[in-house]
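Starting from the known structure of chain A, arrange chain B on it as the hints suggest.
Here the protein sequences come in this chain order: A and B. For what it's worth, my numbering labels the leading residue of the first sequence as 8, then goes sequentially. For what it's worth, my numbering labels the leading residue of the second sequence as 8, then goes sequentially.
FYI, nobody ran anything at the bench for these hints, they're computed from the structure. Treat the hints with caution; some may be incorrect.
Pairs count within a copy or across copies, as identical chains cannot be separated in the list.
Here are the simulated BS3-like pairs of lysine-lysine, each with C-alpha atoms no more than 27 Å apart in a straight line [said to hold, decoys possible]:
1. Lys101 / Lys339
2. Lys350 / Lys361
3. Lys228 / Lys243
4. Lys101 / Lys243
5. Lys159 / Lys75
6. Lys12 / Lys243
7. Lys243 / Lys17
Bear in mind that the values here come from a model prediction, so they are computed numbers and not experimental data.
Number of protein chains: 2
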Amino acid sequence: MKTIKVSLQKNSYNIVIGYDIINLLGKYVRKLNIGCDAYILTNAVIKNKYGRLLAKALTRHGISAKFKLIPDSEKSKSLETASSLINDLARYDKKRRIFIIAFGGGVIGDLAGFVSSIYKRGIPYIQIPTTLLAQVDSSIGGKTAVDLAQGKNLVGTFYQPRLVFSDVRFLFSLDLTQTKSGLAEIIKYALIKDKALFKYLEKNYRDALALKYPALEFIVKRCADIKAGIIQQDEKEEKGIRTILNFGHTIGHAIEAAGNYRVYNHGQAVALGMIAASHISSRLGLISGELTQRIEILIKTIGLPVKINELALSDIIKAHYRDKKFTGKANKFILLKSIGRTKIVTNVPLGIIKEALKKRLLSCRL
Amino acid sequence: MKTIKVSLQKNSYNIVIGYDIINLLGKYVRKLNIGCDAYILTNAVIKNKYGRLLAKALTRHGISAKFKLIPDSEKSKSLETASSLINDLARYDKKRRIFIIAFGGGVIGDLAGFVSSIYKRGIPYIQIPTTLLAQVDSSIGGKTAVDLAQGKNLVGTFYQPRLVFSDVRFLFSLDLTQTKSGLAEIIKYALIKDKALFKYLEKNYRDALALKYPALEFIVKRCADIKAGIIQQDEKEEKGIRTILNFGHTIGHAIEAAGNYRVYNHGQAVALGMIAASHISSRLGLISGELTQRIEILIKTIGLPVKINELALSDIIKAHYRDKKFTGKANKFILLKSIGRTKIVTNVPLGIIKEALKKRLLSCRL
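Just chain A, with the same shape it has in the complex:
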């Protein structure tokens, strides 16, 4: 078991990572003194599998557990769902102190965080991530969000959880698609901050794909550590530090959006986005072609896509212009200087972006 502190003055909190630690949760909640009624946002699958376990961990310490199910789909990340949850929460919130638990993956975490941040101008919430992607990435850092028709995550707040409780035991029931999605973000951490992790993945990717316990725990801890380190330097993405977490996401988001979030999932889109960013880095002389290939090989070996088959270049470019971060006329790319080191480049010529997408992706051969 490991505890990583995210130091953000008044908004500081711990990330607790371990195997089969859920039974310790009640003690942690008691110590935080955040309330005695848990309103648990989750989906039916997670509740069936682990609901009783979670409820017991809480009620044993005098904390009531009320489950609220939402469909496990990006569609749940809407203002309508948030609104209906808040009304339900207000009806349930009677006399005691209420707090929220996000028990699930990224969708549930983003939505629960958003609801927590605006109900009564902020009530406490806890992240209990159950997917690899959520454990290494979305549960940490306080970015809450819902989507609009115009784009993903267009509505939200910066609102830190009071605790992130990552029990790697929950990962053992993940399917291969979810595991790969998580691995895409893990490769991202390696590329922006940790060459040793990149080498570890090259050697041990089979263990990760097979959900082997020590590999998973090592990876989750390492990524949480990296993310915590970045967040505490730039909580609200104002200093250009947190922005490196968007490596692969500029093009990745455009690919997701161009396919209407149906053709490629987030992990797949980020994998493709990282390949594009690597190619742009190489084209601008920041890294060698060999390095680009080494990155592609790891992504391909893990079973993530390296080729865009079903989208038109023009649709990706169009979606790219609608990006939340795209204000004014300048684009902004997080590029690589080596494995583990980044460089932010603005105004990458459109021709080079198109080239990276067209030559290297739409007709990519490895």
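Just chain B, lined up with the frame of chain A:
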């Protein structure tokens, strides 16, 4: 013209107060560098009266002005309206940098602030309050909110504006009810912080009611100064300092709610709440009966209610228990030690609250 700085580190901003200063707005916006497309939330009456003036002040400095009308009613402060505004905003938000202007009273300010705080995790907004209540109170301090069926302001954020621009010229078209509503909050400031202001009101209330320019400007400046001083010590109401701004509001909110927000408006309810709080203060030996009477006389002279005619005691008590701040079993009252000094008292016996409401209000004779 006067500028009051609200010092909140990164969230600091100025309150600019003056007569006929709206034409200077464009320069201020330019200097803040917050964007070049203004999305102006207002109502039809304000737009008809002052819309062209505001648009000119902006366009002259290269800032586009898009007006969005919402009905001038507490009903507009809903999650549904917020949601529809955000969708409209996202459709309008194309390539340039957008910011929001709240151009109206408290409803528009609370709603515009809330929308600004959650769209793209926060975009800049400016308060241009047009009512007395908004100029002295709701436009300052960054409390944003919408209502739920379960209660007022149950959803919201702490999100500071980038500028509060109070042109007292806008006050000259207020009707008497709106003026009195503002005066209720002004009496509140005097009671909690400023004996000199209380004496000023006793002498000059006629000038204020008649919307005379120097009186209004003096009062708006004084109250803004008091509120800024309180906010900068306790931005998010965590230290028990900001809470004194709720003087008269504990019972006031209950009176508003018990009448379904139709029997008494906010100012009237706060006036009644302040009388109740004064009686409780006197009953607990904090102030004399004479002082209580002096407070009642000012409130009555201004034309605010000192008697509750149309509500049942039990409904007020019931509504009081539903208060947002009422967590756990203890109630919390801001009481007076003298004019200008407060004391926070928890666990005021229900009997004393009922007594203050029953004997002194439901059958009050002055």
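Hint by hint, here is what the structure shows:
Taking identical chains as interchangeable, the C-alpha atoms of Lys101 and Lys339 lie at most 27 Å apart only when they sit on different chains, with a minimum of 17 Å there against 47 Å within one chain. Taking the shortest Cα distances, Lys350 and Lys361 sit within 27 Å of each other inside one copy (20 Å), while across copies they are farther apart (66 Å). Proximity of Lys228 to Lys243 under the C-alpha cut-off of 27 Å is restricted to the intra-copy arrangement: shortest distance 23 Å within a copy versus 33 Å between copies. With identical chains, the CA atoms of Lys101 and Lys243 are at most 27 Å apart between copies only, with a shortest distance of 23 Å across copies and 33 Å within one.
Taking the shortest alpha-carbon separations for Lys159 and Lys75, both the intra-copy value of 23 Å and the inter-copy value of 24 Å come in at or below 27 Å. Taking the shortest alpha-carbon separations for Lys12 and Lys243, both the intra-copy value of 17 Å and the inter-copy value of 24 Å come in at or below 27 Å. For the identical chains of this complex, Lys243 and Lys17 are neighbours both inside a copy (14 Å) and across copies (12 Å), given an alpha-carbon limit of 27 Å.
Checked against the numbered hints given earlier, this structure breaks none of them.
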